[in-house]
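Protein sequences, first through last, are from chains A and B.
My numbering numbers the first residue of the first sequence as 1 and each following residue consecutively.
My numbering numbers the first residue of the second sequence as 1 and each following residue consecutively.
Treat the hints with care, since some could be wrong.
[What the hints assert, rightly or not] With a straight-line cut-off of 25 Å between C-alpha atoms, the simulated DMTMM-like cross-links for lysine to aspartate or glutamate are:
{"no.": "1", "chain 1": "B", "residue 1": "K65", "chain 2": "A", "residue 2": "E2"}
{"no.": "2", "chain 1": "A", "residue 1": "K42", "chain 2": "B", "residue 2": "E86"}
{"no.": "3", "chain 1": "A", "residue 1": "K42", "chain 2": "B", "residue 2": "D26"}
Hints are computed from structural coordinates only; laboratory data are not their basis.
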Amino acid sequence: GENVEQHPSTLSVQEGDSAVIKCTYSDSASNYFPWYKQELGKRPQLIIDIRSNVGEKKDQRIAVTLNKTAKHFSLHITETQPEDSAVYFCAASIGGATNKLIFGTGTLLAVQP
Amino acid sequence: SAVISQKPSRDICQRGTSLTIQCQVDSQVTMMFWYRQQPGQSLTLIATANQGSEATYESGFVIDKFPISRPNLTFSTLTVSNMSPEDSSIYLCSAGGGQTYGYTFGSGTRLTVV
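All chains, please: the whole structure from these sequences, using the hints.
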């Protein structure tokens, strides 16, 4: 079945460094790739997304890149801050009328002050 | 993006009973989705709810255990039936999928079955 792999499962960086989280997907028909940030005890929050007709998208300190040929997409966070510490999930839409999302396994990001 | 109100936020239930979770969206949405999230784990899709038709369930989830209603374009309910301790989890609804906005989530329902 369709799946999304996410790496690494945990990531620790120093404040001010960059963080990169990578995902791969299996369904070649996937055309929408969102990233969510989930703080402890809270709902997942959409932080950035990209559609398949675009290779890169940036919003201030965060960016997402997409390689459709390789079925890879990545989240890049620059100038990390302690408040970036959270669990990050990637997701990919599964083709068809419902466009449901399949989620990666998550990355626990810890930004050390 | 759509704003979703979900309730209850938490509940402790006796095994063998049922709990119905409600989600209200502040705008009309075609699709709503129900997820389960075990502590420290990812989100697992239970089913997709389309207004006016029966929900579509993912492998491992069945309608008798998780009946879903979708009476209109702004509301959905998920019932967890005949609960056992293994059903203890966080349940989240989600809505979206249009071309102009992404998928947002309700605040979640933390269910404990004793």
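Hint by hint, here is what the structure shows:
no. : hint          : result
1   : B:K65 - A:E2  : holds, 24 Å
2   : A:K42 - B:E86 : holds, 22 Å
3   : A:K42 - B:D26 : holds, 20 Å
When each numbered hint is compared with the structure, no violation occurs for any of them.
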